[in-house]
Amino acid sequence: MTMHATLVSGPIGPDTIDIPGEPTQLRNAVQGLRGLCRQIEQASNQLKQANPSDSDRGRIVLALSGAAQRTGRVLDADSQQLDSLADAIDHAADVLTSSQGGVDDLRRRWRSSRDAFRDALHGHKNAPDNVEALIHRIDSDASESHEGQFKQQAGLTFANVGGGGARPDAMLLEEDGAVDQAITAYRHDVRSIVDEFAELMQKTKNADNQLDEKLPRHSSAALSEVEHDGGSGPDHHTISGPGAVRSIGEELGQGAHTIEQASQRLEDIRLAIRAGRMLPDDDRVGSNDGFKRDWTEHFDKLKHSLTAARRAADGAADRLRDADENGAADVRQALRDD
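Just so we're aligned: 310 in my numbering is position 310 of the sequence shown, and the numbers increase by one with no gaps anywhere.
Errors might be hidden in some of the hints.
To be verified - List time: in silico DSSO-like cross-link candidates among lysine-lysine, alpha-carbon distance up to 27 Å:
| no. | residue 1 | residue 2 |
| --- | --- | --- |
| 1 | K48 | K301 |
| 2 | K214 | K125 |
| 3 | K151 | K203 |
| 4 | K203 | K214 |
| 5 | K303 | K292 |
| 6 | K125 | K203 |
| 7 | K151 | K48 |
| 8 | K48 | K303 |
| 9 | K301 | K203 |
To be verified - What follows is a set of in silico ranges between Cβ atoms, one per label pair, in the way DEER data are often shown:
| no. | residue 1 | residue 2 | range |
| --- | --- | --- | --- |
| 10 | D105 | D129 | 57 to 67 Å |
| 11 | S98 | D180 | 32 to 42 Å |
| 12 | S192 | E132 | 13 to 23 Å |
| 13 | Q261 | E196 | 23 to 33 Å |
These are calculated hints, taken from the structure and not from any lab test.
As the structure is a computational prediction, the values presented were derived from the model and not from experiment.
We treat Cβ as the ideally placed atom computed from N, Cα and C, and that holds for glycine.
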């Protein structure tokens, strides 16, 4: 049984109807996602700054800068996707808040209708001996058509305390117009209330489903470009300087560090979504665990790619510096030999 599923040990009624979920927790998730988006945008901006002047754009610099720019575009798409998820969660929180308020109103109406029914039967010679059993039978009959929906959508299972399949009016000893009229009126009220409860449940579930569809990360074609780009470009005579290569490497490292910080938000966001949703289910494709898994894997790939590029940049800068020093030594030696 999932977190919010509730096994109700009694008949359906004003004290047992409920729409599970915590809007406050969902709004915490929204706040966390907005913060995550800001950090992703920060990383994107850091990477986009890895764009040196033309005088420094040798092949090594071009390869590093190109990877940085494409990774920045991937992060821009990520930010848009996560922002859309935040919007869906915010909408789900609004719907959940409204629906839970609607259930509060239904509870008041149900209790009022029960009181009116009891008053109508009180002291009547043809009233059944056990009015409460009659109430429970009417309630159970009214909710029967929605039983599968309630169990599937919110884990709410209501016990049929009345037992059996007898109709409520079969409990009467003889026909009585006033009593029959009271039964008909109460049955009408209850069916209306239960139908409205089912509508609120469906409305909330629809919003939760929209949220669920956005939980998985949708892949971006730009990521494959980052992973497979060879950094080749048109022939030119500019040679990458060690300083420019090392500078871009540092910017790549800063971007990787910011992505690492951003990914640390995922667990808190996952927990807030799980605590707030109507019925979290981690077996679905769009599950809360799937959200964290997909985005963690994605950020890990980006961090690995940027970190590897940073190491390559440092190695290339060292080789360029060594080549420059070795070339200078060769020149000095040639001058001495002349």
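Here is how each hint holds up against the structure:
Taking the CA atoms of K48 and K301, the gap is near 18 Å; set against the 27 Å cutoff, the hint holds. For the proposed pair K214 and K125, the alpha carbon gap of about 60 Å is over 27 Å, so the pair is violated. At most 27 Å may separate the alpha-carbon atoms for a hinted pair to count; K151 and K203 meet this at roughly 15 Å. Among the hinted pairs, K203 with K214 is consistent with the structure: their alpha-carbon atoms are about 18 Å apart, no more than 27 Å.
Pair hint K303 plus K292 holds up; C-alpha atoms about 16 Å apart against a cutoff of 27 Å. With a C-alpha separation of about 44 Å, the suggested pairing of K125 with K203 is violated against the 27 Å cut-off. Distance restraint check for K151 and K48: the Cα-Cα separation of roughly 51 Å exceeds the 27 Å cut-off, and the hinted pair is therefore not satisfied. A threshold of 27 Å between alpha carbons decides the hint, and for K48 with K303 the separation of about 16 Å falls inside it, so the pair holds.
Only pairs whose Cα atoms come within 27 Å are accepted, and K301 paired with K203 is rejected, the gap being roughly 38 Å. Evaluation of the 57 to 67 Å hint for D105 and D129 yields a failure: the beta carbon distance comes to about 33 Å. Between S98 and D180 the Cβ separation comes to about 37 Å, which falls inside the hinted range of 32 to 42 Å. For the pair S192 and E132, the supplied restraint of 13 to 23 Å holds, since their beta-carbon distance comes to about 21 Å.
Evaluation of the 23 to 33 Å hint for Q261 and E196 yields a failure: the beta carbon distance comes to about 47 Å.
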